[in-house]
Amino acid sequence: MVRIAVPAEEEMEPRVALSPETAKKYVKLGCQVVIEKGAGARSYFPDHEYENAGAELADSAEAALEGADLVLKVGPPTDAQIKAMKNGAVVAAMLEPYGPRGTIDALAQQGVLAFAMELMPRVTRAQSMDVLSSQSNLAGYKAVVDAAAAFGRAMPMMMTAAGTVPPAKVFVMGAGVAGLQAIATARRLGGVVSATDVRPAVKEQVKSLGAKFIAVEDEEFREAETAGGYAKEMSDEYKRKQNELIAEHIKSQDIVITTALIPGRPAPRLISADMVKTMKPGAIILDMAAERGGNCELTRAGEDIVHEGIRIMGPVNIPGKVPGDASSLYARNLYAFTELMIDSESGAIKVDWDDEIIQGTALTRDGAVIHPVLTGEKE
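The numbering of the sequence shown is the numbering used here, which starts it at 8 and goes up by one.
Treat the hints as calculated values from the structure; they're not laboratory data. Keep in mind it's a predicted model, so treat the numbers as computed, not measured. There could be a bad hint or two in this list.
[What the hints assert, rightly or not] With a Cα cut of at most 20 Å, we get these calculated DMTMM-like pairs of lysine to aspartate or glutamate:
hint, residue 1, residue 2
1, LYS90, ASP373
2, LYS284, GLU298
3, LYS248, ASP225
[Said to hold, decoys possible] Computed beta-carbon distance windows for the label pairs:
hint, residue 1, residue 2, range
4, GLU103, TYR51, 22 to 28 Å
5, ILE312, GLU63, 31 to 37 Å
6, GLU20, ASP350, 27 to 33 Å
7, ALA161, LYS258, 19 to 25 Å
8, ARG272, ASP350, 37 to 43 Å
9, ASP373, LYS258, 53 to 59 Å
10, GLU20, LYS90, 15 to 21 Å
11, PRO163, GLU346, 39 to 45 Å
12, GLY61, GLU304, 49 to 55 Å
13, GLU315, ALA169, 27 to 33 Å
14, ARG247, ARG194, 28 to 34 Å
15, SER259, LYS93, 57 to 63 Å
16, LYS93, ALA280, 47 to 53 Å
17, HIS55, ILE269, 22 to 28 Å
Note that CB positions come from ideal geometry on N, CA and C, so glycine has one too.
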């Protein structure tokens, strides 16, 4: 019987890696599910719902982890949690593979098989396992809602006997999963929306949502996408032309949502301090890339500042602001992934190392760090 452990996350992380819904599914697979007491409380999953789903409650993380074959987490495990894991245990979590190596090295030294959910290959059969998409979708929604709440004017056009209130102009920078959801949410709230991205493939998606597409559409633009669907780093010349276009466009915007990220690198700088100075008093910039250095030069991660009348918001862990839904979706992603490794016939963990999904996400094996991103074999 596979023993599954779910320790509580650290204080700054309100999400949880297991929902009562997925706990029930694991139990149906024949697994023993043990979750630390209170682990789901901040996601609005009380302990009794896990018990009703067939899970057991543990008094501490160490008690939950004792003898566990499979460990489910949102963020990286702590040093104490790693030490409580047995040799050969499997860990599935968002392990921040592009960050400091300490945790990953510790997992390897412990003899743990660690899988980073952020590295999920972008293949059709892995769509149900894609945590970046599920969490970014919610983040794009929440970013617009928070920006609208901070905005000192109305979002939609309003016609009254005293006159007409014009709709807010919303500019979304980056049209990935988060950006597209931000566009859709801003449109639902009545904003006049425009968006930009360096990937030509998203132009039609932006337009289909009712937003205007803003970009320098030259030859470099037409080739600006990796095989994995991410944005490429653009040339200095392209950046100069794009910056000129954005600088002119941003002057008239009421709310700017920035979402641009490049895996393994600091967030690209899209808004300079000089651009901020040209914006209208009371305008809002919400920088969704704050945790990675920010798309705006003036962004401070975790802070909400006002610079010369412009409010610059640098939220961190935006999906964690809607923890109930974020946890439910993340738990389903984890279930879809870990189900691949649970052999119903033998009742044991069985890892298929020939599976491209396993290969794409595995960070450690047999005491060593093995992923090409971390071994220097791949950028």
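Hint-by-hint comparison with the structure:
About 16 Å separates the Cα atoms of LYS90 and ASP373, which keeps this hinted pair within 20 Å; it holds. For the hint linking LYS284 to GLU298, the alpha-carbon distance of about 23 Å lies beyond 20 Å, and the restraint is violated. Distance restraint check for LYS248 and ASP225: the Cα-Cα separation of roughly 10 Å lies within the 20 Å cut-off, and the hinted pair is therefore satisfied. Roughly 26 Å separates the CB atoms of GLU103 and TYR51, a value that falls within the hinted 22 to 28 Å.
The hint said 31 to 37 Å for the Cβ distance between ILE312 and GLU63, and at roughly 46 Å that hint is violated. For GLU20 and ASP350, the hinted distance range of 27 to 33 Å is satisfied, since their beta carbons lie about 31 Å from each other. Checked against the given bound of 19 to 25 Å, the beta carbons of ALA161 and LYS258, roughly 21 Å apart, stay inside it. The hinted window of 37 to 43 Å between ARG272 and ASP350 holds, with their beta carbons roughly 39 Å apart.
Separation of ASP373 from LYS258 is about 57 Å and conforms to the stated range, judged on CB atoms against 53 to 59 Å. Hint check: GLU20 to LYS90, Cβ distance near 20 Å, so the stated range 15 to 21 Å holds. Between PRO163 and GLU346 the C-beta distance comes to about 44 Å, which sits within the given range of 39 to 45 Å. With their beta carbons about 52 Å apart, GLY61 and GLU304 fall inside the hinted range of 49 to 55 Å.
A C-beta distance of roughly 30 Å is found between GLU315 and ALA169, which places it inside the suggested range of 27 to 33 Å. For ARG247 and ARG194, the Cβ-Cβ distance of about 31 Å falls inside the hinted range of 28 to 34 Å, so the restraint holds. For SER259 and LYS93, the Cβ-Cβ distance of about 59 Å falls inside the hinted range of 57 to 63 Å, so the restraint holds. For the pair LYS93 and ALA280, the beta carbons lie near 52 Å from each other, so the given range of 47 to 53 Å is met.
In this structure the supplied range 22 to 28 Å is violated for HIS55 paired with ILE269, their Cβ-Cβ distance being about 44 Å.
When the structure is compared with the earlier hints, violations turn up for hints 2, 5, 17 and for no others.
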